[in-house]
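There are 2 protein chains.
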Amino acid sequence: MAQMPIDVLTIGNAIVDVLARVDEAFLEKNKLVKASMRLIEEPEAHRLYELVGPSVIISGGSAANTAAGISSLGGRAAFMGKVRDDQLGEFFTHDIRAAGVIFEGQPATSGPATARSFILITPDGERTMNTYLGACTTLSPKDIDKVMVEEAAVTYLEGYLWDPPAAKDAFVKAAQLARKAGRKVALTLSDSFCVDRHRSSFRELISRDIDILFANERELASLYETRFFDEALQHVRNEVELAVLTRSEAGSIVACQDEFHIIEAKKIAKLVDATGAGDLYASGFLFGFTRGRPFAECARLGSLAAAEVISHLGARPQTSLKALAEAAGFG
Amino acid sequence: MAQMPIDVLTIGNAIVDVLARVDEAFLEKNKLVKASMRLIEEPEAHRLYELVGPSVIISGGSAANTAAGISSLGGRAAFMGKVRDDQLGEFFTHDIRAAGVIFEGQPATSGPATARSFILITPDGERTMNTYLGACTTLSPKDIDKVMVEEAAVTYLEGYLWDPPAAKDAFVKAAQLARKAGRKVALTLSDSFCVDRHRSSFRELISRDIDILFANERELASLYETRFFDEALQHVRNEVELAVLTRSEAGSIVACQDEFHIIEAKKIAKLVDATGAGDLYASGFLFGFTRGRPFAECARLGSLAAAEVISHLGARPQTSLKALAEAAGFG
Numbered sequence: 002m003a004q005m006p007i008d009v010l011t012i013g014n015a016i017v018d019v020l021a022r023v024d025e026a027f028l029e030k031n032k033l034v035k036a037s038m039r040l041i042e043e044p045e046a047h048r049l050y051e052l053v054g055p056s057v058i059i060s061g062g063s064a065a066n067t068a069a070g071i072s073s074l075g076g077r078a079a080f081m082g083k084v085r086d087d088q089l090g091e092f093f094t095h096d097i098r099a100a101g102v103i104f105e106g107q108p109a110t111s112g113p114a115t116a117r118s119f120i121l122i123t124p125d126g127e128r129t130m131n132t133y134l135g136a137c138t139t140l141s142p143k144d145i146d147k148v149m150v151e152e153a154a155v156t157y158l159e160g161y162l163w164d165p166p167a168a169k170d171a172f173v174k175a176a177q178l179a180r181k182a183g184r185k186v187a188l189t190l191s192d193s194f195c196v197d198r199h200r201s202s203f204r205e206l207i208s209r210d211i212d213i214l215f216a217n218e219r220e221l222a223s224l225y226e227t228r229f230f231d232e233a234l235q236h237v238r239n240e241v242e243l244a245v246l247t248r249s250e251a252g253s254i255v256a257c258q259d260e261f262h263i264i265e266a267k268k269i270a271k272l273v274d275a276t277g278a279g280d281l282y283a284s285g286f287l288f289g290f291t292r293g294r295p296f297a298e299c300a301r302l303g304s305l306a307a308a309e310v311i312s313h314l315g316a317r318p319q320t321s322l323k324a325l326a327e328a329a330g331f332g
Numbered sequence: 002m003a004q005m006p007i008d009v010l011t012i013g014n015a016i017v018d019v020l021a022r023v024d025e026a027f028l029e030k031n032k033l034v035k036a037s038m039r040l041i042e043e044p045e046a047h048r049l050y051e052l053v054g055p056s057v058i059i060s061g062g063s064a065a066n067t068a069a070g071i072s073s074l075g076g077r078a079a080f081m082g083k084v085r086d087d088q089l090g091e092f093f094t095h096d097i098r099a100a101g102v103i104f105e106g107q108p109a110t111s112g113p114a115t116a117r118s119f120i121l122i123t124p125d126g127e128r129t130m131n132t133y134l135g136a137c138t139t140l141s142p143k144d145i146d147k148v149m150v151e152e153a154a155v156t157y158l159e160g161y162l163w164d165p166p167a168a169k170d171a172f173v174k175a176a177q178l179a180r181k182a183g184r185k186v187a188l189t190l191s192d193s194f195c196v197d198r199h200r201s202s203f204r205e206l207i208s209r210d211i212d213i214l215f216a217n218e219r220e221l222a223s224l225y226e227t228r229f230f231d232e233a234l235q236h237v238r239n240e241v242e243l244a245v246l247t248r249s250e251a252g253s254i255v256a257c258q259d260e261f262h263i264i265e266a267k268k269i270a271k272l273v274d275a276t277g278a279g280d281l282y283a284s285g286f287l288f289g290f291t292r293g294r295p296f297a298e299c300a301r302l303g304s305l306a307a308a309e310v311i312s313h314l315g316a317r318p319q320t321s322l323k324a325l326a327e328a329a330g331f332g
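So the sequences go chain by chain: F and W.
Per our numbering, the first sequence starts with residue 2, numbered consecutively.
Per our numbering, the second sequence starts with residue 2, numbered consecutively.
Think of the hints as simulated: they come from the structure by calculation, not from any bench.
The hints are all genuine.
Pulled a few chain W residues facing chain F out of the computed Cβ check, cut under 7 Å: (1) Gly54; (2) Pro55; (3) Val57; (4) Ile59; (5) Asp87; (6) Gln88; (7) Leu89; (8) Asp96; (9) Ala99; (10) Ala100.
Taking lysine-lysine and the BS3-like style, the derived pairs with C-alpha atoms no more than 27 Å apart in a straight line are: (11) W:Lys267 with F:Lys271; (12) F:Lys323 with W:Lys271; (13) F:Lys267 with W:Lys271; (14) F:Lys169 with F:Lys143; (15) F:Lys271 with W:Lys268; (16) F:Lys271 with W:Lys271; (17) W:Lys30 with F:Lys323; (18) F:Lys268 with W:Lys271; (19) F:Lys143 with F:Lys174; (20) W:Lys143 with W:Lys169; (21) F:Lys185 with F:Lys143; (22) F:Lys35 with F:Lys271; (23) W:Lys323 with F:Lys271.
We put the CB at the ideal spot given by N, CA and C, even for glycine.
Next up, chain F with everything else stripped away, as it sits in the complex:
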């Protein structure tokens, strides 16, 4: 049987999540900015780990979560990212493949350990991430499989990948290969502090290489240094073909030149853990996009996938999104 072509190739930091519940006072005492992601080095990782209660390990990584979501929806997804040949690397590799995602990269045999993010979940379900990048810092252009990039309808890059310097080169290489092959390149801005760190080069990259941009309000505000959403929206629609803007429980907006769609968020019974909301929204949207669905439907698929993932602990779907989508009337 001939293989289906790859719908979406995602490239990002290969991370395992270490999730622990904390109270609001814990964030305050440790001066952590709620709902953000900060990068930490090994000593801080150890210090923080000792302070938190019993934890759970679940595979994560923004772009990896997106790939898992696309696969769960019935799409063909691939992921590129770097782990080490250690226990957590083995766990990450198992889980991404078990999710049906093509993951063929070789683990590093030396250097720092597989990346982990200490994710602190407050009682309101919000997540505050503290990421030790470890082996992710060794991803380099030679890890980019040219054939795979050229095959994938969409190559999706996470902004977080801009943090490790060699990975940034890999990121740019992939974007350019995809463009040259006439494929679409998508980017998520990942986190407003990440945008703060890399604003000017993100702006340059977006205007040059990006077809589809995913961002939430805070990230967009940081990118264009404005607190007026409408102003940011004007900027972004002049720079990318398709802008997909998420606004948490306020839903999402799709802007494609003069075409606008405002889509409500899917209601959920209880926000258990917000980790992966944006990642899974992108899964739904991109799955619809590669199937040629109208933008509004793509956005609704995004909401459906995001709603599933925030209803439980961990940033990967725990039930078949394909079945959920079918039950919700997506044909």
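On the provided structure of chain F, position chain W as indicated by the hints.
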């Protein structure tokens, strides 16, 4: 402030659980006996891991879970068991200490990796365990801290520890030290297949060194090679001072010489994952026991702790059992 003395010291295999959901057909196809524990070697661990879907890693180990439960109830618990100095060993160590349990053993610096149990959860919430013992096989009598055993009101041993040969010697050493110090020794039979493997030496141990025996119906049936529960009950009350027999949703029976108590199980909304039910029942019972509570109350505390742990994924409490017990009227 003076430290409280140790209420319960538990000794067992130090294991991290790798939990994955499977359907009934998966068990059948792989010839796995539902609700049992089997020991596997590394090649089988790899084979099985490749077959299962995305997983979650949560610290486990029967006696370690019991210690975590006692701590959650407000008791002072200690644990002895062996991990390696690897990522999973670090995770296990973090979690048991974060649960408030004293764990001072040194990790092995060579030899097999930290133990893991591949726990397959079927849609009915039942768990089928496949355990690679790894570093647990290196626990030996020199790992038993004499002072701690002599201090603990109860030393609790898991039958599973009878599987690794050197650990068995550690187990016997601890039991005898505790007896000599005038402390109570408790044993859980762990699993009916485990009893099958070690029947005669378990029988000998029980009549010689055990004050409190925990068993479920199948384990007791295996121990006395009878399918008649009443007959097994007659046997056991002649051999141990206190027998605590669990019968899943049928509740539990406490037999102390001529005194009998039949206690109903606590109703739960949904059985999510049966892993740890027996372990946490023992937490509740022993916590009550060390506080001098009547047997019926000890058993009800056991039911309360078991009910919490089977309502979510993973074999350690996710909420304060002390608060739950207070809310349920335990003073």
